[in-house]
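Note that the protein sequences, when read in sequence, are chains S and L.
Mind the numbering: the first sequence is residues 24 to 269 in the numbering used here, read in order.
Mind the numbering: the second sequence is residues 21 to 219 in the numbering used here, read in order.
Just so you know, these hints were derived from the structure itself, not from any lab.
Hints should not be assumed to be uniformly reliable.
Claimed, not checked - Here are some of the chain S residues that sit facing chain L, going by a computed Cβ distance under 8 Å:
hint	residue
1	Asp34
2	Asp73
3	Lys81
4	Arg85
5	Val181
6	Ile236
Here a beta-carbon is modelled for each residue, glycine too, at the ideal position from N, C-alpha and C.
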Amino acid sequence: MDIENNKHLDDFLLDRLKGSELEEFQKALQENPKLSTAMQQQKELIGVIDALGDLEMKDRIRRLQKQDSGKSAIIRRFPLYKVTAIAAAVLVLLIGWWQFSSTPPAQIAESYYEQYDLNFGVRNTGQSEEQTSLQNIETAYQNKEYQKSIELLEALLVKAPNNSKAWLGLGVAYMEIKDCKQAITKFNYLIDKKDALYFDEARWYAAIAHIQIGEVAQGEALLEALSQNGRAKFQTKAQAFLAELK
Amino acid sequence: MNGNMEQLSDKAIIELLSSKKNRDVDKALVYLNKKLFPIVRQFILKKKGTINDAEDVMQDGLVAFYKMLRAEKLKADVNVGGYIVSICKNLWYRLLQQRGKQTDWSDELQNIPVEDFQLKTKMEDEQSWMLKQLKLKMGDRCFQLLICFYYDRLRMKEIVETMGFSNEQVAKNTKSKCMKKLKALVEGEPQYLKAFKLS
Numbered sequence: 024m025d026i027e028n029n030k031h032l033d034d035f036l037l038d039r040l041k042g043s044e045l046e047e048f049q050k051a052l053q054e055n056p057k058l059s060t061a062m063q064q065q066k067e068l069i070g071v072i073d074a075l076g077d078l079e080m081k082d083r084i085r086r087l088q089k090q091d092s093g094k095s096a097i098i099r100r101f102p103l104y105k106v107t108a109i110a111a112a113v114l115v116l117l118i119g120w121w122q123f124s125s126t127p128p129a130q131i132a133e134s135y136y137e138q139y140d141l142n143f144g145v146r147n148t149g150q151s152e153e154q155t156s157l158q159n160i161e162t163a164y165q166n167k168e169y170q171k172s173i174e175l176l177e178a179l180l181v182k183a184p185n186n187s188k189a190w191l192g193l194g195v196a197y198m199e200i201k202d203c204k205q206a207i208t209k210f211n212y213l214i215d216k217k218d219a220l221y222f223d224e225a226r227w228y229a230a231i232a233h234i235q236i237g238e239v240a241q242g243e244a245l246l247e248a249l250s251q252n253g254r255a256k257f258q259t260k261a262q263a264f265l266a267e268l269k
Numbered sequence: 021m022n023g024n025m026e027q028l029s030d031k032a033i034i035e036l037l038s039s040k041k042n043r044d045v046d047k048a049l050v051y052l053n054k055k056l057f058p059i060v061r062q063f064i065l066k067k068k069g070t071i072n073d074a075e076d077v078m079q080d081g082l083v084a085f086y087k088m089l090r091a092e093k094l095k096a097d098v099n100v101g102g103y104i105v106s107i108c109k110n111l112w113y114r115l116l117q118q119r120g121k122q123t124d125w126s127d128e129l130q131n132i133p134v135e136d137f138q139l140k141t142k143m144e145d146e147q148s149w150m151l152k153q154l155k156l157k158m159g160d161r162c163f164q165l166l167i168c169f170y171y172d173r174l175r176m177k178e179i180v181e182t183m184g185f186s187n188e189q190v191a192k193n194t195k196s197k198c199m200k201k202l203k204a205l206v207e208g209e210p211q212y213l214k215a216f217k218l219s
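The following block holds chain L by itself, in its conformation from the complex:
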């Protein structure tokens, strides 16, 4: 790891991840990946995994943490690195169970820090492809708007700023139209619902 890499405090990381600016979020993600991937990789390689498994779990762990942060489900004094590594370990444990491999980690199983979070297992490639098709059919603007509101959980005021709407009412009306469009697409092709209903 680069000895000259700027060190970010937990508070700084949380601020960056909570930002409405993509470059801030990217900065935090790059930092966390650099800092934590060696730890996660070592753990997974020791526990019957491959490098690809480690990369997947690291991605899933970062996504999980991001979503919990955005949903305001984290304590203010959270130890960011420790928390994400715990998520990753937990994810790996569950994946091994799903693959039918015996695990004996009762002493390592941490308190699950993601009690209310539905940990999604790796999507089948076909499901992933179908959802990408849906994204293309929605159109870029609708996709971005709905992701900003429901996934990134930005407030309308922030969405107006980042997406260049003239005011909040216009943004709300556009959101409403985009939801109707999404609803029509999903109702027209039920496999889209199947694609996200993961076991």
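Here chain S stands alone, though its shape is the one from the complex:
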């Protein structure tokens, strides 16, 4: 394929060709099967890049939303504040009664959450590249550098997709940065395959995450299952949690 047409491929696929240049290139596509094939292949690759870009962009917006919501928590409550100010006296009494009689599910979930102690059991002597990677993950996680630990865990899972502890740690790291939705996707990986090692832990944390984002029914379903067939300590915790939710 000649260089000129190669140069025009990107311009064509990015809708930058106009007028006679466009017509000539379209004609070349019809007359040159190799060029047409190259165009299709390039189009597929650009489609993959587009999908990657969308993911990246959505992650970026999500992060910005979270950063911004942290700064403007008071501002977000503004409309509710107006209503609260008008009914302040009545609300104080109602809140007192509400606190006495019930606690929001998300708050109950918060009280049951304990950070998972991520430990890969790496020894300091004679470390391989993988062990170094695991140690870096542990260090970042213990230093509460959760975003960094997420990136390192994602990279680890590319090479070692069956590392169940990494999946669990990744889910909990997402919970630490308050991204329960992402956390749930990681726990679901372990739940769906009934992971031999961390099935109960995954169900437990997934239940907490679901309830924290208002998906109480899904969380309760997981807790019910845990209370029936989890290991003893998870049965006890799940039963206590369910009792408080009711």
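Model the placement of chain L on the given structure of chain S, informed by the hints.
Frame of chain S, contents of chain L only:
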């Protein structure tokens, strides 16, 4: 909403979103999200949705608008806020249809402002994870370069400036190598192609 928030004109928003600087783009995204999310949220909650749905649709709407802007598919005098809200409403309408929920919005369905834009529905988590794996295998520099060129649609001159290449030819050669690398990865693992072929 913060009464003291700096007000940005449509022209200013478009300039920021068209910038090659990430902080400019971020500024516009934060502003638009703050300004428009309450409207989108209210709409979606009224129309059988949840807060999570509203957040997802808002993200998708902003992404769609960004891409249309970069692809120069918008008129110069576009009403940015109105346009994005229309995109979001349209997205929500389509999502409800996909979920099999009855909708009766003939009077609310706006002219679709995204005729040529392939509105992608929410990716399955597994697909999303596979694409993230692909990104890691590509390496950060290749990923950034290809995103700048094909997604952000920066010109080579701008890419040279932002990514620190010595000249345009070096940037072009690197792009070419990165495309070959991507091609090899995709051909080696066909599930990557499946991951982005959304229904």
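With chain L as the partner, please determine if Val181/S meets the hint condition of a C-beta pair closer than 8 Å. Since the shortest Cβ distance to chain L is 5 Å, the answer is holds.
Should the interface hint for Arg85/S be scored as holding, given a Cβ-Cβ cut-off of 8 Å against chain L? holds, 6 Å
Return the status of the interface hint for Asp73/S: holds when the least beta-carbon distance to chain L is below 8 Å, violated otherwise. With a minimum Cβ separation of about 6 Å from chain L (threshold 8 Å), the hint on Asp73/S holds.
Please check whether Ile236/S passes as an interface residue: C-beta within 8 Å of a C-beta belonging to chain L. holds, 7 Å
Hinted contact Lys81/S with chain L - closest CB pair below 8 Å: holds, 5 Å
Next item in the hint list is Asp34/S. Is there a CB on chain L closer than 8 Å to its CB? For Asp34/S, the interface hint is violated, since the closest Cβ of chain L sits about 11 Å away, which is over 8 Å.
When held up to the earlier numbered hints, the structure conflicts with hint 1 and nothing else.
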